[in-house]
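Enquirer: So the protein lines, in turn, are chains A and B.
Oh and the first sequence: position 481 is 561 in my numbering, straight run, nothing missing.
Oh and the second sequence: position 357 is 437 in my numbering, straight run, nothing missing.
Incorrect hints may have been included.
Unchecked claim - Pairs of lysine-lysine, DSBU-like flavour, derived with a Cα cap of 35 Å: (1) B:K523 <-> B:K234; (2) A:K565 <-> A:K230; (3) A:K566 <-> A:K577; (4) A:K565 <-> A:K577; (5) A:K411 <-> B:K523; (6) A:K700 <-> B:K700; (7) A:K700 <-> B:K416; (8) A:K411 <-> A:K497; (9) A:K565 <-> A:K404; (10) B:K700 <-> A:K416; (11) B:K411 <-> A:K411; (12) A:K416 <-> B:K411; (13) A:K116 <-> A:K416; (14) A:K411 <-> B:K234.
As the list claims (entries may be wrong) - Okay, the calculated beta carbon distance ranges per label pair: (15) B:A465 <-> A:T183: 41 to 47 Å; (16) A:Q418 <-> B:L579: 39 to 45 Å; (17) A:K566 <-> B:E697: 54 to 60 Å; (18) A:N622 <-> B:P714: 54 to 60 Å; (19) B:R669 <-> A:D135: 47 to 53 Å; (20) B:R669 <-> A:Y270: 42 to 48 Å; (21) B:A427 <-> A:Q340: 32 to 38 Å; (22) A:P714 <-> B:Q434: 33 to 39 Å; (23) A:R669 <-> B:E617: 28 to 34 Å; (24) B:S320 <-> A:D421: 53 to 59 Å.
Hints listed in this document are in silico derivations from the structure and should not be mistaken for laboratory results.
The C-beta atom is built at its ideal place from N, Cα and C for all residues, glycine as well.
Number of protein chains: 2
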Amino acid sequence: MLRRVNVLLLLIIPVICIAPKALGDEGMYPMSELDKLDLKAVGLEIDPSLIYNPDGLSLVDGICKIGGCTGSFVSDEGLMLTNHHCAFRAIRDVSSPEHDFLTEGFSAITRGDEAPAVGYTVRITDSYRDVSAEVLAVVSAGMDPEKRTKAIEKKMKELSLAEEEAHPGKRAEVSEMFLGKTYVLFLYTYLKDVRLVYSPPLAIGNFGGEEDNWMWPRHSGDFSFMRAYVGPDGEPADYSEDNVPYEPKVVLEVGSEGVQEGDFVFIFGYPGTTYRHRSAAFLRYLSEQYMPVVVDWYGWQIENLVASAQGDRGRELALAARVKGLQNTYKNFRGKLQGIDRLDLLASRDRQEQHLQLFIDSDTQRRDNYGQVLSRLDDYYTRRAETTVFDLWLRYMLRSSETMSAALTVWENSIEKNKPETEREWAYMARNLDQTINSLVIKADTYDPQADALIMGELLRRAESISQAKQLPAVADMTGSEGQKKVRKFLDGAFEKSLLMDSDTLLKAMEMDTDELEEMNDPFLQLVAGLYPPFLELREENKRRKGELDQLQASLQEIKRQFQGQDFVPDANGTLRLTFGRVEGYSPRDGVRLTPLTTLEGILEKDTGMEPFAVPERFKDLIVAGDFGPFAHPELGAVPVNILYSTDTTGGNSGSPVLNARGQVVGLNFDRAWEATINDFAWDHSYSRSIGVDIRYVLWVTWKFGGAERLLREMRVDF
Amino acid sequence: MLRRVNVLLLLIIPVICIAPKALGDEGMYPMSELDKLDLKAVGLEIDPSLIYNPDGLSLVDGICKIGGCTGSFVSDEGLMLTNHHCAFRAIRDVSSPEHDFLTEGFSAITRGDEAPAVGYTVRITDSYRDVSAEVLAVVSAGMDPEKRTKAIEKKMKELSLAEEEAHPGKRAEVSEMFLGKTYVLFLYTYLKDVRLVYSPPLAIGNFGGEEDNWMWPRHSGDFSFMRAYVGPDGEPADYSEDNVPYEPKVVLEVGSEGVQEGDFVFIFGYPGTTYRHRSAAFLRYLSEQYMPVVVDWYGWQIENLVASAQGDRGRELALAARVKGLQNTYKNFRGKLQGIDRLDLLASRDRQEQHLQLFIDSDTQRRDNYGQVLSRLDDYYTRRAETTVFDLWLRYMLRSSETMSAALTVWENSIEKNKPETEREWAYMARNLDQTINSLVIKADTYDPQADALIMGELLRRAESISQAKQLPAVADMTGSEGQKKVRKFLDGAFEKSLLMDSDTLLKAMEMDTDELEEMNDPFLQLVAGLYPPFLELREENKRRKGELDQLQASLQEIKRQFQGQDFVPDANGTLRLTFGRVEGYSPRDGVRLTPLTTLEGILEKDTGMEPFAVPERFKDLIVAGDFGPFAHPELGAVPVNILYSTDTTGGNSGSPVLNARGQVVGLNFDRAWEATINDFAWDHSYSRSIGVDIRYVLWVTWKFGGAERLLREMRVDF
């Protein structure tokens with residue numbers, strides 16, 4: 081370890097900043113930064129203005145957001161390519177024990193067979209502009225942290241609302257780029273009629289399942305085709321038979337000849353959250369306090385939810401997406417914890433900050449302005465750590481079960497609705513309420529009382545060992561020596577008595593005032609009411625914390641910028657970013673080199689006949705038959721399955737198209753390699769690799785296995 | 081699997097024969113075949129006569145056999161390089177709980193500190209000649225199989241004795257090259273004073289232990305230095321302080337600059353046994369009948385011996401070599417079984433033999449001569465399978481415990497000693513008796529009654545479920561419902577009463593006649609006496625089997641030769657062979673490439689602080705300090721640890737020097753990669769790789785960690 085760490089130490093400082101001339105592969109570049117990059121020098125073959133052009137159309141306009149994922153338009157009739165795991169809920173929702181499309185795959189024979197993906201929206205970015213000055217005009221130095229946060233939040237909402245008023249039918253969001261420092265206003269179009277077109281069976285789309293998740297070499301066909309529809313007038317509309325396919329402004333060309341090792345590739349997408357500019361204290365807090373609690377609780381849920389649904393295919397289907405989500409985070413966090421340990425990241429961050437402190441202390445002015453930043457960050461996280469177990473318990477108590485989560489939404493809505501629009505919590509603003517209600521109804525439809533009882537029972541049991549929880553009047557009588565019996569009694573009675581998780585009841589409850597809800601005498605609403613005061617306290621405390629942290633974080637970034645003499649690329653925050661790299665392997669350990677293209681051969685090698693490595697017989701026959709059309713790799717002699725590349729991605733990059741030097745779609749991003757789970761904290765060229773489905777595999781499976789030739793023709797692919 | 085199997089099917093036929101011009105990497109070539117090879121065309125840079133020269137000295141004369149391993153002379157004062165695991169027993173024997181040289185490493189500061197390796201001999205090949213005609217002159221067509229075997233055995237012994245008479249002080253052995261077909265007489269010199277010079281600690285010499293055994297990437301420093309001594313007159317002599325270092329005829333030059341990926345390398349050694357020319361029926365018998373019984377019994381012994389010695393360092397040391405040997409075979413067999421399955425070897429051999437049968441049947445003469453060969457082989461192994469469980473049980477009963485093994489040797493000796501020399505079993509021939517007694521005494525010295533009681537108890541328990549065993553009068557009263565109690569009673573009494581496992585008693589017993597032994601009233605001798613009739617029956621039956629099989633096997637080889645129009649390289653049989661290949665990696669599965677050089681970096685990566693991955697602190701410091709002298713790889717920037725190459729090796733190649741194109745020692749062979757455990761049945765360039773310690777690691781460890789600069793100077797290595 082020692083030597084490796086020494087090497088990494090040298091690398092960590094340079095990789096977290098934009099080197100003005102030399103370009104590394106790190107960086108999730110906001111569109112506003114692209115003009116600082118010389119993409120042609122690193123391999124791009126088309127004019128950069130074709131990628132992004134604030135004054136006209138460009139490839140960026142062929143990208144959209146589907147749910148939490150990225151999608152791309154691949155035909156002029158609204159056909160979109162995204163991941164299988166992004167379409168998972170839609171496939172599940174159209175599935176039943178009789179028609180199990182997850183197992184069989186879903187293929188719409190004609191356009192009329194395309195199935196509504198209820199609850200899915202497609203978001204298209206229309207424009208954006210920097211509004212930092214306007215936002216920060218509402219705060220002043222020395223302002224109380226909580227007031228600061230609230231003032232900023234309010235201003236962000238006001239700007240959004242104003243923008244929406246100026247652009248009827250559009251939605252506007254202000255995104256914070258650097259914490260407490262830069263803010264950008266995005267204008268979006270939302271399409272609301274989204275349909276499922278083609279999905280391979282889970283045995284292909286999720287081949288390798290949890291076992292292979294976050295792993296390379298990979299052989300997953302993690303892709304699905306969906307389609308966006310609009311009203312006959314071309315405007316966004318709810319589902320209707322009369323709707324027509326959406327005509328995207330830009331259609332991405334499918335590069336069916338694929339990539340070779342060494343090829344330049346780039347990715348657009350909406351990466352979620354990274355933490356590369358945070359302090360050592362943050363990393364220590366996260367890895368030693370926060371993540372272990374999450375890993376423990378998610379692990380418990382996975383084990384117990386899976387066991388509870390075993391053998392009941394209906395419940396298995398209902399819980400599948402939820403368990404998959406838990407597993408994904410669980411394994412990711414374990415990868416992160418392992419990576420922090422492997423790279424000795426805490427020690428190296430500490431050392432960096434020691435050097436930074438020396439720099440600060442070497443100048444009186446700097447010491448006056450920044451001398452306390454690091455120690456105050458330490459202090460901040462020490463205080464956070466004191467209540468982390470309780471804070472998380474309270475969050476899980478109110479959010480881990482669908483029942484409590486719905487009850488909280490209903491209860492909170494009855495309070496928030498009485499506030500002016502710009503002072504409401506985001507979910508309860510008039511402009512967002514439809515979306516909130518929508519997701520309430522969806523959850524109510526797949527609601528599993530058995531799972532919820534299990535989860536609530538366990539959380540109430542855990543309250544016993546958390547002193548702040550045990551003292552809450554709402555649960556105090558369910559702890560102690562007789563606690564478990566009381567918990568069981570409460571849950572038995574509550575699930576029997578409550579009518580809350582019925583869609584109609586929920587819709588009605590969302591109209592009610594607090595006192596009307598109280599009259600319902602619903603046991604879950606009563607429990608939420610009891611937990612609401614500490615919840616509110618925590619919510620407000622989090623605003624205060626954010627206000628405090630934002631200022632410290634802004635100071636830290638400013639002094640790091642001075643120390644390194646360079647600007648940073650802001651951490652990912654769910655807004656549109658570009659990252660580039662090459663198709664290339666890596667060495668996870670001495671003596672082992674992972675190569676960047678996998679093939680059909682590997683599917684047969686992994687086949688065990690059992691989930692998650694059960695290759696359908698018909699698919700095996702197709703592989704052995706070897707009719708690969710134009711989709712075989714010239715040297716490998718077979719269809720490449722997955723590709724590995726050195727771009728900089730994180731969660732939210734799922735479904736992002738992988739584009740070649742000519743801007744053609746050559747793959748579909750869906751995962752990162754195990755060592756790269758640490759990307760969120762530290763990107764490094766030696767281990768940071770993302771994983772995509774090769775477009776040749778997408779096309780070959782859709783054609784030969786799915787029989788959906790119509791889609792290949794629609795995408796103008798020769799075969 | 082399907083596709084891979086198809087590919088392999090095409091490969092298997094060519095690789096099991098010598099292609100007269102095109103040279104593959106397969107082949108353990110007897111020295112007699114070397115003139116058929118164009119080694120210069122594949123990369124050798126020196127004249128082939130420098131490698132092997134029947135009329136003069138060559139590199140071959142720098143090779144020796146140490147115990148079951150190969151060694152090489154690396155100085156003109158008898159300094160030999162071999163594997164740590166080959167010197168293991170010697171290190172253990174000089175170790176004690178007070179001076180644990182296995183843990184600490186052994187380093188003789190001066191030549192006077194070099195420690196006698198009791199029981200070790202060094203064998204040097206002086207000459208050889210083909211004696212097939214003389215041997216086969218004693219057999220005739222249609223001879224009874226048992227008589228045939230005995231006649232051949234007797235002739236082989238006569239030839240050996242005659243040769244020894246003609247060369248006083250030398251030893252001669254006739255080796256069977258092709259079963260029942262070709263025989264070669266070897267003349268050997270045996271050196272009897274062997275001493276331990278330098279061995280790294282187990283934490284280096286066996287780094288990775290059982291976990292890494294048969295695995296690549298590897299980081300084991302599996303090397304030791306020993307030295308051969310002779311009497312002051314230069315003749316072989318037993319240990320004496322007056323002895324002087326042996327001056328080898330040829331000293332191998334140490335190539336301290338090492339190898340690069342792609343370099344040509346070759347290996348001399350004494351590979352044990354391969355089975356590439358056997359029938360499908362043999363392979364089926366071995367994998368379905370024989371190996372599962374061995375794996376089961378070895379697995380049981382490993383688990384129970386380890387558990388029984390836990391916490392008792394004295395017993396752990398005493399049992400270490402035994403457990404290590406069991407583990408090695410256990411894991412190797414599991415690798416083989418997995419490989420047979422992975423490559424679908426049974427099905428592909430069946431298919432080859434179907435083609436062979438078609439060839440045979442397509443010609444009347446061929447059908448008359450060979451039409452029944454395959455079906456008779458099937459029949460032969462069907463009959464073998466009927467008694468395999470019992471045959472193995474009986475062997476284990478008499479050989480798995482040291483006590484019973486000694487008792488059997490003593491008992492059998494009392495019978496064999498009355499026969500003429502050439503009719504005795506090998507171990508009891510006057511010329512071999514010293515060696516037999518020697519190993520008896522060595523075993524008695526480390527004899528562990530607790531382990532033996534465990535093993536005998538279990539075997540007696542197992543007799544219950546083996547009908548042929550249960551019926552033996554000697555154990556019949558220890559089976560049945562009351563059997564277990566009787567077994568315990570017998571063992572308790574027997575170990576208390578028996579005096580057999582005392583060196584002096586054993587020596588005396590080896591002088592006794594059968595009736596004198598009976599008078600000893602030793603419980604183990606009594607048990608052996610009871611088991612001896614079925615043992616004798618099995619021994620004679622095995623000679624009959626060998627006679628039957630040899631003829632069938634010779635026929636099979638002859639018709640395969642006709643079918644393929646090519647000669648074979650004979651299967652390995654413990655005689656001197658040469659194999660060559662390149663330093664190269666391989667792909668164990670899709671998307672993974674293993675590279676052929678590992679480095680010190682990997683040792684730090686694997687370090688867990690716990691066995692078998694506990695890197696000594698002082699060694700870690702040395703690695704981090706980075707003072708690699710001339711031993712760093714120019715591109716890797718550090719000392720390479722292990723190397724991987726595509727030669728053709730098997731058990732017995734341990735310790736073989738890896739030689740470069742100029743005939744210099746660049747490594748020390750010690751293992752094969754996991755996929756290559758199947759080598760014994762089917763070699764293939766895609767997966768067959770052998771593993772060696774890089775000479776640069778040997779030199780760097782010996783120098784920097786061992787402080788044995790004197791050895792580097794003795795080898796004329798610059799540092």
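Enquirer: May I ask you to test the hint 54 to 60 Å on the CB atoms belonging to K566 (chain A) and E697 (chain B)?
Expert: 55 Å, holds
Enquirer: Going straight from one Cα to the other, do K416 (chain A) and K411 (chain B) come out at no more than 35 Å?
Expert: 34 Å, holds
Enquirer: Are K411 (chain A) and K497 (chain A) close enough, with their CA atoms no more than 35 Å apart?
Expert: Violated: K411 (chain A) and K497 (chain A) sit about 39 Å apart, past 35 Å.
Enquirer: Can you confirm whether the C-alpha distance between K565 (chain A) and K577 (chain A) stays at or below 35 Å?
Expert: The hint holds at about 18 Å.
Enquirer: Are the Cα positions of K411 (chain A) and K523 (chain B) separated by 35 Å at most?
Expert: 51 Å, violated
Enquirer: Given the hint that K411 (chain B) pairs with K411 (chain A), does the C-alpha gap stay at or below 35 Å?
Expert: 31 Å, holds
Enquirer: Do the Cβ positions of Q418 (chain A) and L579 (chain B) conform to the proposed distance bound of 39 to 45 Å?
Expert: 58 Å, violated
Enquirer: Take a quick look at whether K700 (chain A) and K416 (chain B) sit within 35 Å of each other, Cα to Cα.
Expert: 26 Å, holds
Enquirer: Check the hint pairing K565 (chain A) with K230 (chain A) against an upper bound of 35 Å on the C-alpha distance.
Expert: It is violated: about 43 Å lies between the C-alpha atoms, which goes past 35 Å.
Enquirer: Does the beta carbon distance between N622 (chain A) and P714 (chain B) stay inside 54 to 60 Å, or does it fall outside?
Expert: Roughly 56 Å apart at Cβ, these two residues keep to the hinted range, so it holds.
Enquirer: Take a quick look at whether K565 (chain A) and K404 (chain A) sit within 35 Å of each other, Cα to Cα.
Expert: This hinted pair holds, its Cα atoms lying about 32 Å apart.
Enquirer: Holds or violated: K700 (chain B) and K416 (chain A), Cα atoms, limit 35 Å.
Expert: Given that 35 Å is the threshold and the Cα spacing comes to 26 Å, the pair holds.
When held up to the earlier numbered hints, the structure conflicts with 2, 5, 6, 8, 14, 16 and 23 and fits the remainder.
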